[in-house]
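These are the residues of each chain, in order.
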Amino acid sequence: MWRVGTVVALHDETATARTITLKVPDWPNHVGGQHVDVRLTASDGYSTVRSYSIASAPGPQGRIELTIERLPNGEVSPYLAQELAVGDRLELRGPIGGWFVWRSEQTEPIQLIAGGSGIVPLMAMIRSRASAASTAPFRLLYSVREPRAIFYRDELQAQSDRGHSVSITYAYTRATPKDWPRPPSRIDAALIANTTWPSNLVPTCYVGGPTSFVESATDLLIAFGNGRDKVRTERFGSIGERK
Amino acid sequence: MSSHAHEYIDGNAAAGDLSKIFAVDVTAAQGQCANCGAIRRFAEAHLYMQAPGVVARCAVCEHVLLRLVNVRQCMFLDARGMAYLRLDM
Chain X
959 MWRVGTVVAL HDETATARTI TLKVPDWPNH VGGQHVDVRL TASDGYSTVR
1009 SYSIASAPGP QGRIELTIER LPNGEVSPYL AQELAVGDRL ELRGPIGGWF
1059 VWRSEQTEPI QLIAGGSGIV PLMAMIRSRA SAASTAPFRL LYSVREPRAI
1109 FYRDELQAQS DRGHSVSITY AYTRATPKDW PRPPSRIDAA LIANTTWPSN
1159 LVPTCYVGGP TSFVESATDL LIAFGNGRDK VRTERFGSIG ERK
Chain R
136 MSSHAHEYID GNAAAGDLSK IFAVDVTAAQ GQCANCGAIR RFAEAHLYMQ
186 APGVVARCAV CEHVLLRLVN VRQCMFLDAR GMAYLRLDM
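Top line first, the protein sequences correspond to chains X and R. Residue numbers for the first sequence follow this note's numbering, so the first one is 959 and each next one is one higher. Residue numbers for the second sequence follow this note's numbering, so the first one is 136 and each next one is one higher.
Where hints are given, some of them may not hold.
Now the in silico label distances, taken between C-beta atoms and shown as ranges [to be verified]: (1) X/1036 to R/171: 39 to 45 Å; (2) X/960 to R/211: 19 to 25 Å; (3) X/960 to R/212: 16 to 22 Å.
Hints are computed from structural coordinates only; laboratory data are not their basis. Note that beta-carbon positions come from the ideal geometry of N, C-alpha and C, so glycine has one too.
Kindly produce the complete structure, drawing on both the sequences and the hints.
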């Protein structure tokens, strides 16, 4: 069933990513980690569907936020991340997906691992945890190209400063802040061992990002002693834009 | 389109298309591969969307679990690659 959402706010997260706030009448409340399908139809009738993760926590007002990274060769993301304006309408289907989700009843340690825009569904989990006043122990390992590519920077900082905080580790792959102890590199076994929950605490792990990133992070988690059934994944593909 | 022609994503991404057919979320259901016998969540299957339609393959042996193709007003669903699917009702 398709619903029509109206764009009520736009906010740039980085030079290439934008958060779109939509008001959707009769929106059935979602769970952190779920996605929506967005359908765009051209004037000639050609229509195309893409999946995007919801970034916001569930709330009472029928509003959802999507953060969309503009992909150079994307068919849909340049429109959503650049041309869309407040007042425009989008067709939406969802919320969708019952596996890559965190529910506020979960009290076990949670390990989140994000590569680039893979942070979006994990941010919805962090926001859901805050809005539910959950004290479930959360850790986030967030791999980004460079400091200015971080999404939700101030809000993540606030989440790591508050009581019952979310512990956050950044890993930079191309350029680091000044005097950063770790040279630019991909997530590796040492970083997993030093910054993620010990596997004997049996954390539930959520890994989001491009397919190759998810593959490698998942393999490292399993090599570190986590059970395959404790690692849930959301691969975006190399295009980051799911058909 | 991706330059990685055979790159897969997670079964999660088929949830929207499957919701057109099933009343409950199939991606959280457990299914058994008819080829190797592995029991996994559908969300863990490898999903290929470059084909005309959607192909889900077993994450263990890459056997085709399910194919879903939309032709005009018809949906073709081929799920013979799964021995069973356990849905939480």
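Here's how the hints hold up against the structure:
no., hint, in the structure
1, X/1036 to R/171: 39 to 45 Å, "41 Å, holds"
2, X/960 to R/211: 19 to 25 Å, "22 Å, holds"
3, X/960 to R/212: 16 to 22 Å, "21 Å, holds"
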